[in-house]
Each structure stands twice: as structure tokens, then as C-alpha cells.
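I would like the entire structure built from these sequences, with the hints used as guidance.
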Amino acid sequence: MKWLLAALLANLAAAAQAAPDGQALAAKYNCMGCHQVNSAVVGPAYKAVADKYRNDKAAPQRLADKIKKGSVGTWGKIPMPAQQLSDADLKIIVQWVLSQK
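Residue numbers (the UniProt record's numbering): 1 to 101.
Just to be clear, a hint being listed does not mean it is correct.
Stated by the list, open to error - Label-pair distances were calculated between CB atoms; the ranges are:
hint, residue 1, residue 2, range
1, 73, 51, 16 to 22 angstroms
2, 55, 30, 26 to 32 angstroms
3, 87, 39, 26 to 32 angstroms
Derived by calculation from the structure, the hints in this document are not laboratory data. Values in this document were obtained by computation on a predicted structure and should not be read as measured data. Built from N, CA and C at the ideal position, the CB exists for glycine as well.
Structure (C-alpha cells):
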């Protein structure tokens with residue numbers, strides 16, 4: 001029984017490590033060079049983005065489009081260039097950004 005419990009816990013730990021989190025992906029794609037969780041750098045803070053889109057049901061797709069295609073004028077004069085990342089990673093990053101409180 002102890003062996004079964006140990007195997008189950010090991011599998012859960014491996015699964016948790018295998019799933020990339022949004023902040024790690026944001027760092028991987030150098031998003032943190034222009035954005036931080038709590039403070040604006042070149043672009044807005046992730047918390048500010050989450051606040052802006054909090055009650056917008058279309059927010060996940062809207063934000064994904066802005067990341068993938070780039071945007072200008074939403075947060076000021078400095079444009080955000082289009083980003084090249086997989087759709088799977090994009091979805092994780094968008095969910096993470098929108099979860100900031």
C-alpha cells in the first residue's frame with residue numbers, strides 16, 4: 001500500500017512539473033523585459049491588463065490576438081510587436097495574465 005501511495009505521489013509531482021506555468025513561459029519568451037506583474041515597464045503591468053479585461057468575456061481571444069499580432073495605442077504610444085509563440089503557450093500565458101489580481 002505504501003508503494004502504491006508513493007507511486008501516485010511521484011506521478012502527481014511529475015505532472016505538476018510537466019505543465020508549464022504562465023509566468024515561466026512569459027519569462028521564456030522575454031515578455032518580462034517589457035512587462036512585470038505589479039509595475040509598468042515599457043508596457044503595462046500584468047495586473048493592469050487583467051483589471052482592464054476583468055469583465056470582458058472576449059478577453060482571452062482579444063488578448064491572444066494582441067500578443068500574436070502586436071498592437072499599438074492600447075496602452076500608450078509604444079507599440080507591442082507581434083510575438084512568435086505556439087498557440088498552446090499563448091493560451092497558457094493569456095490565462096495567467098488574466099488571472100492576476
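Verification of the hints:
1. 73 with 51: 16 to 22 angstroms: At 18 angstroms between Cβs, range holds.
2. 55 with 30: 26 to 32 angstroms: holds, 30 angstroms
3. 87 with 39: 26 to 32 angstroms: holds, 29 angstroms
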